[in-house]
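In the order they appear, the protein sequences are chains A and B.
The working numbering puts the first sequence at residues 19 to 510.
The working numbering puts the second sequence at residues 200 to 264.
Among these hints, one or two may not hold up.
[As the list claims (entries may be wrong)] Pairs of lysine-lysine, DSS-like flavour, derived with a Cα cap of 30 Å: (1) A:K158 - B:K258; (2) A:K223 - B:K227; (3) A:K158 - B:K227; (4) A:K350 - B:K227; (5) A:K223 - B:K237; (6) B:K225 - A:K158; (7) A:K223 - B:K236; (8) A:K158 - B:K207.
[Said to hold, decoys possible] Covered stretches of chain B (in silico footprint by chain A; criterion: 3 or more residues with CB under 8 Å from a CB of chain A, positions within the stretch not fixed): (9) 204-213; (10) 243-253.
Treat the hints as calculated values from the structure; they're not laboratory data.
Because the structure is a prediction, the values reported are computed rather than measured.
In this text, a Cβ means the ideal position worked out from N, Cα and C, and glycines have one as well.
Residues per chain are reported as follows:
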Amino acid sequence: MTDSNIVPLSSITRVDPAKPRLSGCSAKSNGKATSCGSSAGQDDLPEAVWNKIQDHPCYSEDAHHYFARMHVAVAPACNIQCNYCNRKYDCSNESRPGVVSEKLSAEQAALKVMAVAAEVPQLSVVGIAGPGDALANAPKTFHTFDLIHAALPHVKLCLSTNGLALPDHVEQIAAMGIDHVTITINMVDPEIGAQIYPWIFFRHKRWEGLEAAQILHERQMEGLEALTAKGILVKVNSVLIPGINDQHLVEVNKAVRSRGAFLHNVMPLISDPAHGTHFGLTGQRGPTPNELRAVQDSLGGDAKLMRHCRQCRADAVGLLGEDRGAEFSLDKLTEAKPYDPKKREMYLEVVERERGDRQKAKEMAQMPEKIEETPVLVAIATKGGGRINQHFGHATEFQIFEVTSAGAKFISHRRTDKYCVGGTDNSDAMATTIAALEGVAAVLCAKIGDKPKQRLADMGIIASDQYAFEYIEASAITWYATRNACDVAASA
Amino acid sequence: MAYKIVEKNCTGCGACEFECPNKAIKEKGAAFVIDPKKCTECAGFFDTPQCVAACPVPKTVVMAF
Numbered sequence: 019m020t021d022s023n024i025v026p027l028s029s030i031t032r033v034d035p036a037k038p039r040l041s042g043c044s045a046k047s048n049g050k051a052t053s054c055g056s057s058a059g060q061d062d063l064p065e066a067v068w069n070k071i072q073d074h075p076c077y078s079e080d081a082h083h084y085f086a087r088m089h090v091a092v093a094p095a096c097n098i099q100c101n102y103c104n105r106k107y108d109c110s111n112e113s114r115p116g117v118v119s120e121k122l123s124a125e126q127a128a129l130k131v132m133a134v135a136a137e138v139p140q141l142s143v144v145g146i147a148g149p150g151d152a153l154a155n156a157p158k159t160f161h162t163f164d165l166i167h168a169a170l171p172h173v174k175l176c177l178s179t180n181g182l183a184l185p186d187h188v189e190q191i192a193a194m195g196i197d198h199v200t201i202t203i204n205m206v207d208p209e210i211g212a213q214i215y216p217w218i219f220f221r222h223k224r225w226e227g228l229e230a231a232q233i234l235h236e237r238q239m240e241g242l243e244a245l246t247a248k249g250i251l252v253k254v255n256s257v258l259i260p261g262i263n264d265q266h267l268v269e270v271n272k273a274v275r276s277r278g279a280f281l282h283n284v285m286p287l288i289s290d291p292a293h294g295t296h297f298g299l300t301g302q303r304g305p306t307p308n309e310l311r312a313v314q315d316s317l318g319g320d321a322k323l324m325r326h327c328r329q330c331r332a333d334a335v336g337l338l339g340e341d342r343g344a345e346f347s348l349d350k351l352t353e354a355k356p357y358d359p360k361k362r363e364m365y366l367e368v369v370e371r372e373r374g375d376r377q378k379a380k381e382m383a384q385m386p387e388k389i390e391e392t393p394v395l396v397a398i399a400t401k402g403g404g405r406i407n408q409h410f411g412h413a414t415e416f417q418i419f420e421v422t423s424a425g426a427k428f429i430s431h432r433r434t435d436k437y438c439v440g441g442t443d444n445s446d447a448m449a450t451t452i453a454a455l456e457g458v459a460a461v462l463c464a465k466i467g468d469k470p471k472q473r474l475a476d477m478g479i480i481a482s483d484q485y486a487f488e489y490i491e492a493s494a495i496t497w498y499a500t501r502n503a504c505d506v507a508a509s510a
Numbered sequence: 200m201a202y203k204i205v206e207k208n209c210t211g212c213g214a215c216e217f218e219c220p221n222k223a224i225k226e227k228g229a230a231f232v233i234d235p236k237k238c239t240e241c242a243g244f245f246d247t248p249q250c251v252a253a254c255p256v257p258k259t260v261v262m263a264f
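Excised from the complex, chain B in its bound form (with noise of 0.2 Å):
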């Protein structure tokens, strides 16, 4: 399982590239993106999803499937 981030909602801040604890997210073009295969969705590390809490845009960071 992991979180995706919806590319037309971004802003591009990066609010949630420094707070994820996988390293999983990076910038591309305007806006980031999760990679998949690194984001644990926090387990093991947060109680809450990182991402999803420090994005300021409403269903931006969602679950990916």
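Excised from the complex, chain A in its bound form (with noise of 0.2 Å):
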């Protein structure tokens, strides 16, 4: 088995906290401490919030630098269509919910867990999210919830689900000790869901238009108030679908607060004719980052927000942005190792001090005191742990920060392979990344090479690997100031 796409605890322990570095150049620090302001970070948000998501890396976005997830595909029946979903398509290179390579029992489910758990400290999340409806098998999901919780009882449980057969489970959740649930909305108006799904099935009986989606609008409605009733926190997904929901996440942002949804993630349709889909097929396409940008923009208030979602499979295992799936597959778990439970502590242990270490570098990066006021995008290549340790060619994906005057935020990823291209037309990979660091003054990453470099040159971004092994949040501040300071050197 290989780890070599797991963070190991030697790259984000072997290194002193970052320091500001300012080589070459001098600047004073304006003396304003560095808010990350990033989405359900330790300073935004009540003391027992915080304590329910800190581990969580798909509800914080400071949780997933450290922590892991999987995703058990327990759950292939669905009781909707979506207009934006086609099961029968499965790609091993593919990306997308919904889709999964093989679906499991729920012994099959807690027998994975418990390999996973054994080989990955970092596990702190198990979800069922189909690749169907987490729901619509309710007592199989039920039953391998049970089986993981006797297993391991250190493991966070939660669900995501379409909502329509939510209301009837709010109660089973609750008392299950099940503290996060995802469910995805993307209207308010019926009018508009009936461009989104063609059908429900609901109470044996399928329907179709309006009415469908009246029914579904009205379950999603009753069930977030539910949960939230019992003090379980709700994320809200929203796909972005440009020209039927773009304007309307609005209202669906206003309609999900207010009845209290503690996260709303807008994520981009994912439309392609090789998926299938009926938006695939009659020619819907995705927004672009811009565009998704201005409508999570839109929505503000950015701890009610995360913009760190990748979009998982249903049967993703490991960080966010990689997938170990193919390392834990049925045939390879015959003999599970036993979990050691002092693994898990010693790397929590890591994890606090490092999260300690990575806020005091924050803070002590300085800012030149004369800075343009553009923001600008930096793009990092992480492994994890907050820290910037990776080969520029071998990211799959880029964490890109957006730095200010304000300090440095983290506001999407990118990735470099998200969708199947398949065929042979794949000589210039470099040409995907390039196009994936559109608009990016500057990648930071662990080590690249002279070609890469001067290509990205080429095109105005500058590539630095002078960062290696430091902390993601301190090194862009710095940079950004060190480039400043140059810039104001040189014109004076």
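Got two chains here, each in a separate frame; can you build the complex from them with the hints?
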């Protein structure tokens, strides 16, 4: 079993906390402590909420640097049809919700969770997210959770649903101690819903058109209210579909916030004719990164928005942005290693220290007095741990940070391999990477070859491995400050 | 009378299996099959056959003869 893609403890423990570096240029601090303002950081939240999400990579941007999740694909059946979904299509290079390579029985799922927990001390969360709907066949989902909880009581359980069956199961969700639920809500207006959902299966009957969308909408709102009334954290996912609900998501945001949703996560529609979805086949396009961001920005309230979502497969394993699912396929689970709680305790201690050090480094990183006010985007190659610790050529995604005089803030991730390109016409992987870096001023990575560095330079993008293994935010701020200090010096 | 599942269309999601009031549907390989001896087309239980209404793939649960 390879662990090349997981953060080795050594990579986040062997380096001293990043020191602010302004080599060659001098700059004075403006005395402002930089605040991340990133979604769900420790500073912006009530303690009770932070305690619930601090280890949850799907709820906390901070946690996603340190903790891993896994989805167990025990729920292949669904009770609604969405125009962006066609589960018959599966490609091993695909990373999309609703896609899995093998479905599992409850017992197989429990075995798989044990095997992953033994190998991956970062594992903190097990979710059931399909590939259909977690509550379409609710007894199987709850049975799976029972088995996992009995084996590994420390693991947090969560589920993801379209909400149709949700009101019927809120009592049991609460009774089982599932304290995170995600509902996908794409509309609060049935006229819009009818363009997204051709039918639902409800109360032993198939419903279509406006009637279907009306029922789904009412059930979603009812389920959301019932969950939040019980103190269960609810995240709402919305798929941004240009021309259908892009203007409407403001209304969705208001409706779900007023009912107590803790996070609202706007995700881009993934649409391709090859996927065989209704939207793919009818030419409905997904949003551009700028369109996505414009909608996310229009919803405001940083602490309530989430930008680090990876739209994982329903069988994903590992830190967000990586998928070790293939290492834990059924045929490899025959001899699961025993789970050793000591490894996890050690990891938790390391994380606590790292979080403190990273925060300190961020606060210490200095900003020059005179700086341009235009925000600059910096792309980071990271394997997790909040550090710049990945080789440029190995990065399958970049974390994009926006740097301004107020500090460095995570705004999104961009994948270099998100879509299955297929065929043999993939000779220039670098072109895909460069396309993913559009609008970025600099790439900070652990290492980069001379050729790609030159090619990026030709595109006006600075690539640097000067901050290898250091903390992300502190390095981005320092790079920005250095650049500006140099600019000021040059123009003086 | 009974229904059957067109094997090449079946995604194996099992939405039909747990809706069937007669427990007439079982997984076989990558697809599900309906036992025609047990299928009553949901007569006496529901107005519409549950497997037909629940199946996400068009023209997949069809009349057996």
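Run the distance test for K223 of chain A versus K236 of chain B: straight-line Cα separation, threshold 30 Å. Since the Cα atoms of K223 of chain A and K236 of chain B sit roughly 24 Å apart, the hinted pair holds (cutoff 30 Å).
Within 8 Å of chain A (C-beta), three or more residues of the segment 243-253 of chain B: Our answer is that it holds, as 6 residues pass the Cβ test (under 8 Å) against chain A, meeting three.
Under the criterion that the straight-line Cα-Cα distance not exceed 30 Å, is the pair K223 of chain A, K237 of chain B satisfied? 21 Å, holds
Does K227 of chain B sit within 30 Å of K223 of chain A, going by the straight-line distance between their CA atoms? OK: K223 of chain A and K227 of chain B at ~26 Å, within 30 Å.
Take the C-alpha atoms of K350 of chain A and K227 of chain B, compute the straight-line distance between them, and say whether it is at most 30 Å. Satisfied, since the Cα-Cα distance of roughly 23 Å is no more than 30 Å.
For the pair supplied as a hint, K158 of chain A and K227 of chain B, confirm whether the alpha-carbon distance does not exceed 30 Å. Given pair K158 of chain A, K227 of chain B holds - Cα atoms ~19 Å apart, limit 30 Å.
For the pair we were handed, K158 of chain A and K258 of chain B, check the Cα-Cα distance against 30 Å. Holds. K158 of chain A to K258 of chain B sits at ~27 Å (cutoff 30 Å).
When you check the alpha-carbon spacing of K158 of chain A and K207 of chain B, does it fall within 30 Å? 26 Å, holds
Just to make sure I understand the rule, a stretch counts as covered if three or more of its residues have a C-beta closer than 8 Å to a C-beta of the chain. Does the segment 204-213 of chain B meet that for chain A? As far as the segment 204-213 of chain B goes, the hint holds, because 4 residues have Cβ atoms under 8 Å from chain A.
Is the Cα-Cα distance between K225 of chain B and K158 of chain A 30 Å or less? 16 Å, holds
In this structure, every one of the numbered hints holds.
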